[in-house]
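Asker: In order, the protein sequences belong to chains L and V. Per our numbering, the very first residue in the first sequence carries number 3; after that it's consecutive. Per our numbering, the very first residue in the second sequence carries number 3; after that it's consecutive.
Each hint should be verified, as a subset may be incorrect.
Note that identical chains are pooled: a pair holds if it fits in a single copy or bridges any two copies.
Said to hold, decoys possible - Pairs of lysine-lysine, BS3-like flavour, derived with a Cα cap of 25 Å: (1) K130 <-> K46; (2) K142 <-> K258; (3) K161 <-> K151; (4) K162 <-> K326; (5) K130 <-> K142; (6) K99 <-> K142; (7) K241 <-> K203.
Because the hints were derived from the structure by calculation, they are not lab data.
Read off the chains here:
Protein chains: 2
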Amino acid sequence: MKGKTIPLILILGLAAGAAWGKEDVMNRARGIFKPIPAKAPAMKDNPANPARVELGRMLYFDPRLSASHLISCNTCHNVGLGGTDLLETSIGHGWQKGPRNSPTVLNAVYNIAQFWDGRAEDLAAQAKGPVQASVEMNNKPENLVATLKSIPGYIPIFKKSFPGEADPVTFDNVAKAIEVFEATLVTPDAPFDKYLKGNRKALSAAEEQGLTLFLDKGCVACHSGINVGGTGYFPFGVKEDPGPEIRPVDDTGRYKVTSTAADKYVFRSPSLRNVAITMPYFHSGKVWNLNDAVKIMGSAQLGIKITDDDAAKITSFLTTLTGKQPKVMHPVLPPNSDTTPRPVTN
Amino acid sequence: MKGKTIPLILILGLAAGAAWGKEDVMNRARGIFKPIPAKAPAMKDNPANPARVELGRMLYFDPRLSASHLISCNTCHNVGLGGTDLLETSIGHGWQKGPRNSPTVLNAVYNIAQFWDGRAEDLAAQAKGPVQASVEMNNKPENLVATLKSIPGYIPIFKKSFPGEADPVTFDNVAKAIEVFEATLVTPDAPFDKYLKGNRKALSAAEEQGLTLFLDKGCVACHSGINVGGTGYFPFGVKEDPGPEIRPVDDTGRYKVTSTAADKYVFRSPSLRNVAITMPYFHSGKVWNLNDAVKIMGSAQLGIKITDDDAAKITSFLTTLTGKQPKVMHPVLPPNSDTTPRPVTN
Numbered sequence: 003m004k005g006k007t008i009p010l011i012l013i014l015g016l017a018a019g020a021a022w023g024k025e026d027v028m029n030r031a032r033g034i035f036k037p038i039p040a041k042a043p044a045m046k047d048n049p050a051n052p053a054r055v056e057l058g059r060m061l062y063f064d065p066r067l068s069a070s071h072l073i074s075c076n077t078c079h080n081v082g083l084g085g086t087d088l089l090e091t092s093i094g095h096g097w098q099k100g101p102r103n104s105p106t107v108l109n110a111v112y113n114i115a116q117f118w119d120g121r122a123e124d125l126a127a128q129a130k131g132p133v134q135a136s137v138e139m140n141n142k143p144e145n146l147v148a149t150l151k152s153i154p155g156y157i158p159i160f161k162k163s164f165p166g167e168a169d170p171v172t173f174d175n176v177a178k179a180i181e182v183f184e185a186t187l188v189t190p191d192a193p194f195d196k197y198l199k200g201n202r203k204a205l206s207a208a209e210e211q212g213l214t215l216f217l218d219k220g221c222v223a224c225h226s227g228i229n230v231g232g233t234g235y236f237p238f239g240v241k242e243d244p245g246p247e248i249r250p251v252d253d254t255g256r257y258k259v260t261s262t263a264a265d266k267y268v269f270r271s272p273s274l275r276n277v278a279i280t281m282p283y284f285h286s287g288k289v290w291n292l293n294d295a296v297k298i299m300g301s302a303q304l305g306i307k308i309t310d311d312d313a314a315k316i317t318s319f320l321t322t323l324t325g326k327q328p329k330v331m332h333p334v335l336p337p338n339s340d341t342t343p344r345p346v347t348n
Numbered sequence: 003m004k005g006k007t008i009p010l011i012l013i014l015g016l017a018a019g020a021a022w023g024k025e026d027v028m029n030r031a032r033g034i035f036k037p038i039p040a041k042a043p044a045m046k047d048n049p050a051n052p053a054r055v056e057l058g059r060m061l062y063f064d065p066r067l068s069a070s071h072l073i074s075c076n077t078c079h080n081v082g083l084g085g086t087d088l089l090e091t092s093i094g095h096g097w098q099k100g101p102r103n104s105p106t107v108l109n110a111v112y113n114i115a116q117f118w119d120g121r122a123e124d125l126a127a128q129a130k131g132p133v134q135a136s137v138e139m140n141n142k143p144e145n146l147v148a149t150l151k152s153i154p155g156y157i158p159i160f161k162k163s164f165p166g167e168a169d170p171v172t173f174d175n176v177a178k179a180i181e182v183f184e185a186t187l188v189t190p191d192a193p194f195d196k197y198l199k200g201n202r203k204a205l206s207a208a209e210e211q212g213l214t215l216f217l218d219k220g221c222v223a224c225h226s227g228i229n230v231g232g233t234g235y236f237p238f239g240v241k242e243d244p245g246p247e248i249r250p251v252d253d254t255g256r257y258k259v260t261s262t263a264a265d266k267y268v269f270r271s272p273s274l275r276n277v278a279i280t281m282p283y284f285h286s287g288k289v290w291n292l293n294d295a296v297k298i299m300g301s302a303q304l305g306i307k308i309t310d311d312d313a314a315k316i317t318s319f320l321t322t323l324t325g326k327q328p329k330v331m332h333p334v335l336p337p338n339s340d341t342t343p344r345p346v347t348n
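Make a model of the complete structure from these sequences and hints.
Answerer: Structure, rendered in structure tokens:
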């Protein structure tokens, strides 16, 4: 059997390899992208158990993670709104506006790192950021831990989530619990996933043409893998500065993390999963229309003018990346006690 | 059989009626309170159907009801936090602070009217308030309707919710859908409900003593019925001004609604359902400890000094009013379209 198969593959390979344009687009796509796996991936040094996922869900929705007791993870990463807040940039403590567009939490587990500049290596590290950021939750780890310890209903679930730990209510464990919960927030079964699994009818003719353009124009250079992006760091404006309206001069991206000149205006490429429902676009959130965003990517990143017709096709392909949204039960949170630190709202 | 029963009841009645103190406390309670019914009550002129309840749930959680697209009904009436926000007074658009403590949405359907001053006759009328209040959602009905009409995913569910209506996406229907959803947010099966249904063991000895004190001291004058309150309007400070710290001078309560001198500092009595988990207390939200609130009620409303021991017993009775919290699935909300009005965040 094996001996028979090899020559066939060789023949097919030679035929397809004759020209890019002639290789079957589905086969090309399968070499570049992967469907969302059915099962949440395991986290490094953070084994999931049902209690830990449940605790993560509670913490994710608990506004008492913030100093004001008003802002939860779900405020800016709303599981009902594609895992984001549909705002240009997020609004946090004291109605301050954050510097960048809120990235979606959905499928974030498959990104190479977290935040637009990749400054957090994983979801647990990420979770610690907004809690402490003065323009977001404006809290302090010690105040958060004191708050959680003051809420009697949280103690048993922390114990169950982190068995064997003498003092499980820690900032690290808060982040770990949120991480395993967030790892469950994936959106499988998008039309494109079905296509990657071999169902050619999952994409319409226009959508498949859009995919072909996406491959041929070079979009895949930054947008590949399970997440159709989120795999690496790239300058925004490889070929052409998109202009200060879209790429504000002050936000130098990864340069702020690495202080390396080559990292000026470098960002982690965003996943394009669910991109059609997570407007506005780019780290600045300045572009609301997906078609416009596609054209801007053409000029800024590829140095080409994408025609209206091609942009429409690419956009129609991008809509096939909208997957089955997670169904999340809103948690019933344990009540305050008399010793719970008061919200700080000023 | 019947002939035999009557004399027995008479004998019992005479024995119990000899003095208040000797009548069985469970029987007394049953004459004053009612358990939370198992089924959501029907709304006047607003028949529930599954689509309408589902639409109400979506709208309740949709921050696009607010001008900023950041604040939903659930922000201040968090179904996971006893139906409130656990803040002194709520925070709304632009981080403005509202004038009064957010009343719980849980069991609100059983209140005589809505808001602390009863200015909304029902939950549908109430729902329209925060949407338009400049310190809350700061939206305009016409902008909200334009927003909802711009979201393609909302149209079919509005049609299904309001069958036969040519133009179902209206501000009135938004309020109606929210009302039928909120009518489902009830908390049955509190220990006190079980007690009212005849299970004497549902209350501990101290809790039952607290109930007796609650009846004997006169708390029931304002806190009776299904909701243990919420049945009528009463001055805050019947016997003694609780002081400007607790009853701010500027907030004259129902007087602002009726302009009647007798309504100065009059408020709708709050339901005491879930009171142990919905701190802080009073319309001003100035008191965080339930025991303290009980004592303040004693002096302000009844002109008596409630001892530490009695206050502790009353408080322990009040904890038996915490019912089974509703389990609510966080909705997956339909995405924006290109014509969706942009959030206004300034």
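Asker: Against which earlier hints does the structure fall short, listed by number upward?
Answerer: 7
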